[in-house]
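In case you want the letters, here they are:
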Amino acid sequence: MVRKVFLAVAILSGALLLGACAGAQPAADQVEIFSWWTGGGEAAGLEAMLGVFANDFPNVEFINSAVAGGAGTNARAVLASRLQAGDPPDSWQAHAGQEIIGTYVAANQIEPLNSLFDEEGWIDVMPETLIPLISKDGNIYSVPVNIHRANVMWTNPALLAELGVAVPTNWDEFLAACETIEAAGKICLSMGEQWTAMHLMEVVLLGQLGPDGYSALWDGTGDWGSADVTAALETYTQVLQHVNSDASGLTWQDASQLVANGDAAFNIMGDWADGYFSGTTAGGNLGLVPGEGYGWAPPPGTDGTFQFLSDSFTLAKNAPHAQGALDWLKVAGSKAGQEAFNPVKGSICARTDCDKSLFNAYLQTAMADWSTDTVVGSLTHGVTANDTWKNEINTALGLFLTNSDVAAFQAALVSAASTYGN
Amino acid sequence: MKPRRARRLTRPILYLMLVAMAIFYLLPVYVLLITGLKSFAEVDLQRMWDLPSGIHFENFVLAYDKLAPHLWNSLRLVIPAALISSMIGSLNGYVFSKWKFRYSNLIFALLLFGMFIPYQAVIIPLVQFMERLGLRGSITGLVLVHVIYGIAITTLIFRNYYAGVPTEVLEAGRMDGAGFWGLYRYLVFPLSIPAFVVVLIWQFTQAYNDFLFAVVLTGNRTWPVTVALNNLAGSQIVQWNVQMAGALMTALPTLLVYILLGRYFLRGLMAGALKG
Amino acid sequence: MSPPLFLLTAHAARRRRIFSRIRGIPPQVPMSSTLSASGSRSLSAAQSTPHPRRNRDQRIAILVVLPSIIATAIFVYGFIGWTLRVSLSNWTGLMPDYSFAGLRQYIELARDPRFAIDIRNTAIFTVLFLVSCLAIGLFLAILLDQRVRGENVFRSIFLFPMAVSFIVTGVAWRWLMNSATGTRISGLNLLFHQLGLDPLINNWHLTDPPWGIAFIALPAVWQMSGFTMALYLGGLRAISDDLREAARVDGASEFQTYRYILLPLLRPITLSAVIILGHISLKIFDLIVAISQNNIALDVPAVYMWRTTFDGNNYGQGAAIGILMLLTVALLIVPYLFYSMRSQEEM
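Chains as they are written, first to last, in the numbering used here: chain A, 1 to 422; chain B, 1 to 276; chain C, 1 to 347.
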């Protein structure tokens, strides 16, 4: 009996080892892409772009190493451990801006892509204001696939009409409108868990400080301890008082849904919410008609400014399959690839020459704004601050949400900027 | 701190309390089950407790399609890991309880300490080390990791178990000419079945439900079902009905193990006495 | 193959020994006995004169545990050493930077309000989790000890939550502990409302700090109290009937039997349970993330360590938190280890 058990263990372990050996076959033409796009519109968009890739490069096998969870936190952990162990994927998804520059460029993990941009003629096709934000010292480090707008205020037109409230254009008007809305028993501004509070904060900062003042905070020329910032944080505190009380338990979709249901009047969220509002109900969305079931407007004080974020792909240094990675990047930056990806994902192309007719009503307005508005970056989504700085701000914000102490919050922001600033 | 409860055990009250507690334990399962059987339109927080309108098995089918290949990875991981680590635990426990050598108590204590490290702290060096061994991305590497980090608890369980075996028994065997392996094979091992069950169940659960090591040490072809289940969620819209169906399916193997071996689990915990 | 002669004599001797034990002191309960179990007297100490066979067996014994020792040395102590080194460094980027920073990370953590919240939350969570698990586990064990019908079914129901992963538990309980009220009421609040138990409606884990974390102990207790029950039930069952019989003969009531005889015998089990549950609760991670996402009011050290390391690339700070977690657990475990090691030496 004992012998049989030993035998069983030995056989099982042996079979296991054999199985492990058999699996490892390095293919010549393949590319491993790492992302956190595993569900919903993102996965669908990736599939669509993969279709284009399979068309253009039929001989290259595509390995999709996507890991979900926590807005990319698991994926980042896996990526970090792989990079430190010297086993990078060929290319990975990251947010364009300081998230890439402050992390991967600073650690010398990715290659500059200037030659690729020249070959493909992307410099002419992508907006001028975008290129500096994704470069360092003249080197471009990622291929932006899409553009999302962070500063959008979603509204319920029917509710606003019923209450006789006009869309506010500055924060004083906003607070006044809240009085009316709350008197009618509705929520003024719906919000979700902590990251949406950070999202709201950056929009308020932008609205109060204007694009120049806001950008100055990030490039080192502005002062986090200034009176302007204090005033902006005071406004933020006041706005938070008009937010639903159970915010920290809601996802961003739950918060947006409150507006769609007519329980809340306003929701400030990036334009991925448009995919949620107007997408098919079969896919888990609300299936509303843009403009009727829901409306949108620039948040108070931010009209004329486009606070952007962008998903982009990088080229790993010492990528095991560099040619495959370049093939992928060509598709990611191409008109066909971006036109396949963006309508499905619910974002607009980083290129300015995509076919407008492929996009819905909201996205077309976004495309128009993208070419004319002043462009600034989003904090919450990795454009303006490197990861360590953003994480410090997040901690300070979390503490602020528990105690509403503006002075302490501002002091923490000053300290974070000076210690971890770009 | 023990509760002082009057044990006036009239049977009806006893059963009432048991049923009440059973409801508490089954409540989350009920929610998982009925949500898993609903169509997506019905998944609504405000109607959480309502029974589904119809049985929507397609959720389970969908979840199964996405999870099935990884379920196989999980089994390939868990079975060897549980078996190997229980063998190691048994031998270690045998040594530490019956074969003292110099400093063996100290070494045992040092081994035990391994149980208490926070695993998040060791991921980075672990991945690098596994990379150097060429085992990153394979199930074998993950098996090795679970076996190694299971050494502490399995040794503890077996050591305590064997401590209940009177040494006189083994001495008698010694005098009849048995050595280290003979004693183990003919006396100690046959007695160990209850402890093996406890350890197997514990290690099975640990290895099967682990997410952290699985996500950093495997690739998309080799990752176990816990990572696949996490990926079902995606980062935008969560299809709760499919997610919960997937969660239920993932819990099924461990549940089966508990149902089938639960009795022996208890026996293992009780063993040390012979009735009559 | 017929067993060697010594097996037969050994069995007889064993039966004799065990029989005599039943009559007297209750036997040691495995999994619950401390390191200082009496049956761990060494075979090698049995004979006073050196014997070549014994030396050979001694060597085999050492060789058998050697792989475990080496593995632990690398995977536990080696990695702890690495973590310690990083915690004393300036590493705040993606790539390693081992430049020496002294105790800076620790000093900053001491002044860090977020870490203070972590400590507070861990304390509240641990106390509630331990006390509840032990109390409920003991309660259920005593109930099931009464020889009820359908014991197997009840036991399986109480035990199975242990089979589920903390992540799934977190997701299910997040739904149950939904704190919305009014028209959007859901979860247990909704159930209370439908059953007319409105006073029980509350904010669950979104209760104002510091008590929100107390509610997260609930799913944790749900998951692990069955295991505690199994430990206690095993212990109760292992106590021989003769003892209870003797107590009854002496005129003790059921309650008195439990209180004065049976429960004190379960003390070693309580100790074991505290150790195992204690270290789980000090390292709790999956459950918190699954329920609270990024809510700082519900932060615990393991979550802070993860976020600061992988979201913030602040490896130095993350390592310092890790070492502090380790020290806290050590505070719990090392005295216990010392005590049992010393009582071992007395033999």
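It is possible that part of the hints are untrue.
[Said to hold, decoys possible] Beta-carbon label-pair distances, calculated as ranges:
#  : chain 1 : residue 1 : chain 2 : residue 2 : range
1  : A       : ALA54     : B       : ARG47     : 37 to 45 Å
2  : B       : ALA68     : C       : ALA246    : 32 to 40 Å
3  : A       : ALA71     : C       : ILE70     : 56 to 64 Å
4  : A       : ALA71     : B       : LEU133    : 31 to 39 Å
5  : C       : LEU331    : A       : GLU128    : 57 to 65 Å
6  : B       : ALA68     : C       : ILE74     : 34 to 42 Å
7  : A       : ALA408    : B       : ASP65     : 47 to 55 Å
8  : C       : ASP242    : B       : GLU168    : 15 to 23 Å
9  : C       : PRO67     : A       : ASN108    : 54 to 62 Å
10 : A       : ASP223    : C       : LEU331    : 50 to 58 Å
Don't read these hints as lab results, they were simulated from the structure. Ideal Cβ positions, reconstructed from N, Cα and C, are used throughout, including at glycine.
These are the hints, each one checked on the structure:
At about 42 Å, the CB distance of ALA54 (chain A) to ARG47 (chain B) agrees with the hint of 37 to 45 Å. As the Cβ distance of ALA68 (chain B) to ALA246 (chain C) is approximately 57 Å, the hint placing it in 32 to 40 Å is violated. Between ALA71 (chain A) and ILE70 (chain C) the beta carbons are some 40 Å apart, a value that contradicts the proposed interval 56 to 64 Å. Taking the beta carbon of each, ALA71 (chain A) and LEU133 (chain B) are about 32 Å apart, inside 31 to 39 Å as hinted.
Between LEU331 (chain C) and GLU128 (chain A) the CB atoms are about 59 Å apart, so this pair conforms to the stated range of 57 to 65 Å. Distance hint for ALA68 (chain B) and ILE74 (chain C): a CB-CB separation of about 36 Å, consistent with the stated range 34 to 42 Å. Between ALA408 (chain A) and ASP65 (chain B) the beta carbon distance is about 51 Å. The supplied range of 47 to 55 Å therefore holds. Distance hint check for ASP242 (chain C) and GLU168 (chain B): the Cβ-Cβ separation is about 22 Å, which falls inside the suggested range of 15 to 23 Å.
As the Cβ distance of PRO67 (chain C) to ASN108 (chain A) is approximately 39 Å, the hint placing it in 54 to 62 Å is violated. For the pair ASP223 (chain A) and LEU331 (chain C), the beta carbons lie near 44 Å from each other, so the given range of 50 to 58 Å is not met.
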